[in-house]
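So the protein lines, in turn, are chains A and B.
To convert, note that position 19 of the first sequence is 30 in our numbering; the numbers rise steadily by one, no gaps.
To convert, note that position 287 of the second sequence is 292 in our numbering; the numbers rise steadily by one, no gaps.
These aren't lab readings, by the way, just hints derived from the structure by calculation.
One side of the interface only, derived from the structure: several residues of chain A facing chain B at Cβ under 7 Å: (1) Q100; (2) I101; (3) K108; (4) F115; (5) A123; (6) Q257; (7) A297.
All of these numbers come straight from a predicted model, not from anything done at the bench.
Heads up, the beta-carbon is just placed ideally off N, CA and C, and yes, glycines get one too.
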Amino acid sequence: MRHKSFIYNNLVGIRLLYRLFPQSIILYSALQMLHGVSWVLQVMSVQYFFDGISENQGEISRLVIKILLLGAAYAFAQIMNGVANCYGQILNRKVTKETNKILFRTLDQKEAIAFEYADELDRINKAACGCEGVFWVSTTILDIVFFYVFYFVMMGWYLFSLAPVLSISIVIIFIPNVVARMLHMISFEHLESEAAPVRRKMDYYADCITGKEYYKETRLWGCGKYFFDRYNRMLRKLNQLQFHMQVRKEKINFCINVLTVSAYGIIIGMLVYYVLTDSISVGAFAAVFAALREFYGFMDEVISERLAIAMENMATVKNYLAFIDPAVGEESVHRVQKEDKESVHHGQKTDEEESVRRIQKEDKEESVHHGQKTDEEESVCRVQKEDKEESVHQAQKTDEEESVRRYQKTDKEEAEQIKLPERFEIRLEHVSFAYPQPETGERKYALSDIDLLIPWGQTVALVGENGSGKSTLCHIIAGLYSPSEGAVSYGGVCRGGQRIVSGISAVFQKFCRYSMSLGENVRISDLEADKSEDRLNQICREAGVVPEWAGGMDGMLGREFGGAEVSGGQWQRIAIARGMYRNNSLLILDEPTAAIDALEEKYLYGEFGKLSRNCTSIIVTHRLASAQIADRILVMKDGRIVQDGTHEELVEAQGEYKAMYELQRQWYR
Amino acid sequence: MKNPEKPKYNIYIFLREMTGMIPFHAGYLLLIAVLNAFLPTVQALAIAEFVNRVEGAYGGVLEVRMILLPLIILLGIVIFKQMIPSATNLVNASAQNRLKAVLRNRFMRKQAALQYRYIEDSESCALIYRVCHNVENRFWTGYRTVCNGIELVVKCAALMSIVMQASILSGGAILLVSVPLFTLAYKTGRQNYVLQKDAVEVKRRYQYLAGILTDRDHAKERAMFGYSGQIAKEYDRLSEYANRKEAVIEKKRYANMKSGSLTMVVLAVIIMLLLLPALSSGKLSNGLYVGLVTSILNLVQGMSWNLAGIMQGAADLNAYLHDVDVFLGMEEKEDAVAEPSRIPGFQVETIEFRKVSFRYPGREEYVLKDCSFVLQGSKCYAVVGKNGAGKSTLTKLMTGLYEDYEGHIFINGKDLRDYRYGELKWMFSVVFQDFARYALSFRDNILVGNGKDENERFLEQIIERLELDSCVQELPRGLDSQLGKLEKDGVDLSGGQWQKLAIARLLYSEAPINILDEPTAALDPRGEAKVYEMFRRVTMDEGDAVEEGHVMEEGHAMEEECAMKEGHAVEESHAMEEGRAMEEGHAMEEGCAMGEERAMKKFTILITHRLGAARMADEILVLDQGRIMEQGTHEALAGLENGLYKEMFESQRCWYET
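Isolated chain A, as found in the complex:
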């Protein structure tokens, strides 16, 4: 089972690599093959030289030539070793870059909710880990076929030419090693899994003593000794386990080694026999004897290093291969190929020509793969095409085809992305939402049965306790989450599973702090837009962002790359500027002032008042009083909207809002 899936995944990996860089992969294989040949040449040259010594009586000049040949063979082997490995390293980087890009694109297709599922998140993390390993794991089979197998076959042939029986020695040496590997795999997996939790605990207790998170408290409570005791208990247990494991391993190794040594003995015996019976020269004996270790070394390397490591890492690579959307993978493969060829052959072609070619190519590919492609894949390809391409594309087709295609295309494009009109109302009908909970079968609704109409231009405040569903509702309105039940529509456009590409902007509670320049930190919300410098400056001014914090718009922020460190409040303002920078008709502010002090908060709420004039806006807040800047207040409780009205209305009415308001008000009497 395991081996089968190993080989299968390996092949999938190779196919991916081949599609990304066909020439490079062929070159790589060729280099490995030459590398394998070079090692055999070494052995042959040694024998040739040794035979020369035995036969030669006093004639130096011929020996000199043989020595030089030998030197050349060795030098060749060294060079091939270097070139093949070096090329592998370089190619690895190229491949990793592309595999990463494919991952990014796949992730980009995911809905934001995917990151809330523990399982899905796990898959994503594993896939991300797998990115790096794709090359090494996938080339394992290539290496085995082109280097190791080649080497062994050549050596076998060489030994066969010396004496046919000798070629058996290859098999003799192989067997114990393979057996050993199998045994190891069978008997150590469970021991390893036994040790893992102990190690985890040990590490945790160490962290309790020395980790940043715990350091000051462990010190002040004076409970270091407590954790030291626990740590040492785990350490002893782990040591025992590991030593026990090692002893078992070595017991098996010992048996294997006895086998190996016997195999050696047999081979040497055969060699001696042939020398004694004069069927091989003593030079051949010395050469083969010298090569035996190397021979064995390769065997060991291929089985216990290459294969073992590949198997270990296969899991992550498998995750990666399974994770990446085949469509995205394929599409980027095309892209890379095109880029490759374009850069090599057609660097100077005009854009138009290029795009024509590109389309022809894609068509060809399509006709080839059409059978396998699913609709989804197609639509992905479609959507990513540029408009220009589209027109050229259409021009090339017959009318009939064209109309069909165009129809399909617009249809699909719509299915994928939504562009919102400039002004729209938001309507939620019977919206319910449950976060995925795989383990407990019961679905717990974060939102249940919400009906809501937000007319264009209204400022709405969402209030309620932690966990009442405010943020979830925001995410649904923002189009980040799809409702489990019910429908959301914007100005009559109903959203299914598609992505909204314009018209909505947001400042999230956990906004991001990008270690980029100040300007980039703001512009990142709308990178495709081509807005003037003035606009950027104006927005920063409005949000109270002072370029001097970073030493100018191009000044770096964040510690990561040695940028300026700004305070939480300053980050908050930058995040708000970011939200404003994106063209929006709907602005969502999710608890924008959680991290800042009173004065700063007052300032910002003043700003929000101004901000929300030209668009629809939704503000989530804990500070009930600050909800007063809103035209309308929605009070949420347990996933439902329990009250809806203006501040004045709600204060008059008995209910949740009033209770909360009074509670807070007391503090400020």
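Following the hints, put chain B in place on chain A, whose structure we already have.
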């Protein structure tokens, strides 16, 4: 600061310590290294013997027993090479186990005793991590590198000695050629890390971008702002650039390494050529020549990787030892790991800051500048101020985490520096904003650090009063349920529950001084109010209420106080809660009686930026620009014209004016 007499941690001390810690293992490894070093020589001699005897028998009859001895030796070599690694593996495991037990404890003790400033300094942290992460492995690998080096040298020397025996002339010539070629090989193998820096920097950049494109933290903004495509382009550009740079480096690296091996090949060829005259003149037998060449060629094969490996290993060991030296030289806090030691009869009278100035290590600007104030033991205090005004720094100074401040801090008139650290630990208990969530049982989370004597009743009362009892009941094994994800059956609490647990830890402690350092950041205002209420109820009232004769009904002190002051009835919305409070009253009284000796009057400092919470303190200190700008009761401060407190308070209050 640093003890100047302390010898630098260098290779000699390293070796001495290794032989001290694991004499047997270290000796074994060295022995194997030396034996290994002689193998090529022995093999050369054995092959020589074999070849000579076979050739000598040409024409005559060759019998097996004639070549038995060299054959046995050859087989012996095979057995040695094949079997020894198993034994070595065992020694490896055992050595690392032993080193782990010794070194990890030693280094962790050091780590636990460090001055706190190192922990907050990212550079020191990185160094500590480098030193302490897998320390046993680093030490053992280092020692192996040393042995490998010795092996290589002995190996070459042993081979050389046979050559010399055979022909001094050739041997001398070989030495002459070897030295420069060997040096060349060594040098080219060494220059590896020059160009790297630029590429590394760019690499960090694009890896950061990769993080933005894949991780969870950025998921929402990524989807919202749709920047994946653009950022991926930037990623592509940067990684292309870095790849190109690294390809150059890689090529150079391999070129260096392989030119090193090519040099070795040339050397081998030269040696073979130089030995030819001796061969033809018969000084060197055919067999010995073949044997020598076999061994030399083997050496060449291994040399390129081996030499590079040893060079790399030596460089790593060197850098590591330097790190260790710096680490061991780090200053320790006296009594850092001491357990809290009780001061009998201690009562807080005053805490005074006198002209305290402080800046974080490596920073220019002062967080506190000439900060002076006096706190009376009979009152409860709140410290407010803008973000970054230095509120939390006060805690860190008082609790002795940082001690290189200027000025003085007095507790009951005695300088803080004159208290033993254990006493300070006993004196303070703190709930930090980022309080620790230990993955222990619920019970142990409260008991941890609070001595051994467990007072079950008192514990239960605290849990009850913090309204954690329902939470405990829901846990699978009650108080003994494991929290966190360390154990399989571990459960996690919500943010609010953890917060309460942290406060329970503080309440259970017998420390006379409590500091709450923004403990409610994770809660919403309502949850926050609840926590403060409860806190007030269980700490201040016990003392204050009795002392000041405010016989309050119990619970909801804050609310009632407000209600009384304002003459405004809010009972309506709280009638229910009041009812519950009454019930609690009973438990409370019992608690007071029970935990009398423990629940002594606690002196409390609240640090917060939520002004509403601050007013429940008797006095409020306003921290700004590194000093206390205002100090007084809420009423006094709220009345202060142009006062910062007033401004801050008004900014929040104005929303609530109807």
